[in-house]
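> All chains should be modelled from the sequences, with the hints used to inform the complete structure.
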Amino acid sequence: MEPPQVDPSRTLVHEPRADEPSPHETQVPEAPPHETLDQAMSQPNRLGDWAELSGHADGDEGGYSSDSYSESELVEGGNVYQHGGTKLPPTPATPDQRWLITPDGEKFWKHGRGLRRPNTVLGVICRQSLPGWVTLPGEGQVPELGITWEHYLAAPAPPGERIGSVECHMVADVVIHTFWTFYRCAEGQEEAATQVNEAECRRLLQNWQNGARTQATRDYFASIGIRMSKARCRTKYLSKDNYMKVPPRWCADRLDCWEALVDEWCSPQWLSTHNNTKDRRGKMSGVPHHQGSVNLYQYGDNLAQHNKTDVPELFDLYAMAHSAPYKKAKAFSESDLDDPNNFTNRATHNKLVRYRDEGKARIGPDFNPSQPIDPELVMISGGGRCHGLLAIGDGLIHCTSTLP
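First residue of the sequence shown? That's 1 in full-length UniProt numbering, and the numbers climb one at a time after it.
A hint or two may mislead.
Result set (SDA-like, lysine to any residue): computed pairs, CA atoms no more than 20 Å apart in a straight line [claimed, not checked]:
| no. | residue 1 | residue 2 |
| --- | --- | --- |
| 1 | Lys110 | Lys240 |
| 2 | Lys107 | His289 |
| 3 | Lys245 | Thr214 |
| 4 | Lys110 | Ser293 |
| 5 | Lys278 | Gly211 |
| 6 | Lys240 | Asp263 |
| 7 | Lys107 | Lys240 |
| 8 | Lys278 | His289 |
| 9 | Lys87 | Lys278 |
| 10 | Lys360 | Thr344 |
| 11 | Lys87 | Ile125 |
Listed next, with one range per pair, are the computed distances between beta-carbon atoms [what the hints assert, rightly or not]:
| no. | residue 1 | residue 2 | range |
| --- | --- | --- | --- |
| 12 | Leu136 | Lys328 | 25 to 35 Å |
| 13 | Pro325 | Arg113 | 49 to 59 Å |
| 14 | Gln371 | Gly160 | 51 to 61 Å |
Keep in mind the hints are simulated off the structure, nothing from the lab.
Just so it is clear, CB atoms sit at the ideal spot from N, CA and C, and this is done for glycine as well.
Okay, structure coming up:
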């Protein structure tokens, strides 16, 4: 498995200017004279008495007590960085200058170094294309906030909307065709690319709500001159009035939509569900993995670049990504499976052992799990697609939708 090469067709049209401000930061202004830190902490918050059962290491509680903030988190001045991309890159002048990407499994892209990650750009496009209130097809449907891919598929595009030479009929068309003004794929890969894009749009829209709340919390504190870590903002809740002071740029002209999101975040039902989910995560022993924000193949690419070796096979990659970061990971050996403590959590160890044992039972005692991954064995050893996910390499390998 060779590491992806840099796309030679990439030109300077994609490079940001050296003097251009970063699109990922927001300047923290001076605290307004009419609002001090103590006043900010004492803002009325109807959720302030609810305990936050966090899955993070700090394990603190919600509420506005100045004692709950360390000095390092209450820094006036400096920059507050946005979570993920906030702006689109410059549009390439010609189709040949677009970044070349390759579908990689069911949910990911393979691409060269030095370009904007496709999923980051797709996330920005999805947010900028927020359809607002959408009525899904079917009898008895009422308008609802368009925050799922089904809403994007059902929402009509603005009249006469065109991306290049293509007329867009639905908001989903706008998202997809805008994406392809920055990227291109090889001929014959269009169907696989469509599948990856649709899967990624669904995932991004499913996840962005929590990210938007965390960023709004951070932006609010930035607006009064306080720089606070993202981890702390996840466990803090604002009043509705304060959320409404910091709508994101993609919702600035749709404050009714932003208010609907804020009302949901301020409801006891949402907080109860949120806490239950984080409580379950907090009971998990060990960390999920050591991949960071990249997928398994990108972890392997980083590992190969760092160690100047070939990228290991998928089974070995999965084991290594669940044992250490790529700079510290050691080459996988089947003997590592003898001790569950070699891995970040027991669930990972169980998946690896079940795959190996199923292979030896079906193929023979000489079965080597470090050979190219067998999708059928992944399905059988993992009990199918639990919650729609494969046990090993989900989204990176093509499997049947049901057990063989």
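> Indicate, hint by hint, whether the structure satisfies it.
A quick look at each hint next to the structure:
| no. | hint | verdict |
| --- | --- | --- |
| 1 | Lys110 / Lys240 | violated (42 Å) |
| 2 | Lys107 / His289 | holds (18 Å) |
| 3 | Lys245 / Thr214 | holds (14 Å) |
| 4 | Lys110 / Ser293 | holds (15 Å) |
| 5 | Lys278 / Gly211 | holds (15 Å) |
| 6 | Lys240 / Asp263 | holds (7 Å) |
| 7 | Lys107 / Lys240 | violated (36 Å) |
| 8 | Lys278 / His289 | holds (17 Å) |
| 9 | Lys87 / Lys278 | violated (30 Å) |
| 10 | Lys360 / Thr344 | violated (24 Å) |
| 11 | Lys87 / Ile125 | holds (9 Å) |
| 12 | Leu136 / Lys328: 25 to 35 Å | violated (48 Å) |
| 13 | Pro325 / Arg113: 49 to 59 Å | violated (19 Å) |
| 14 | Gln371 / Gly160: 51 to 61 Å | holds (55 Å) |
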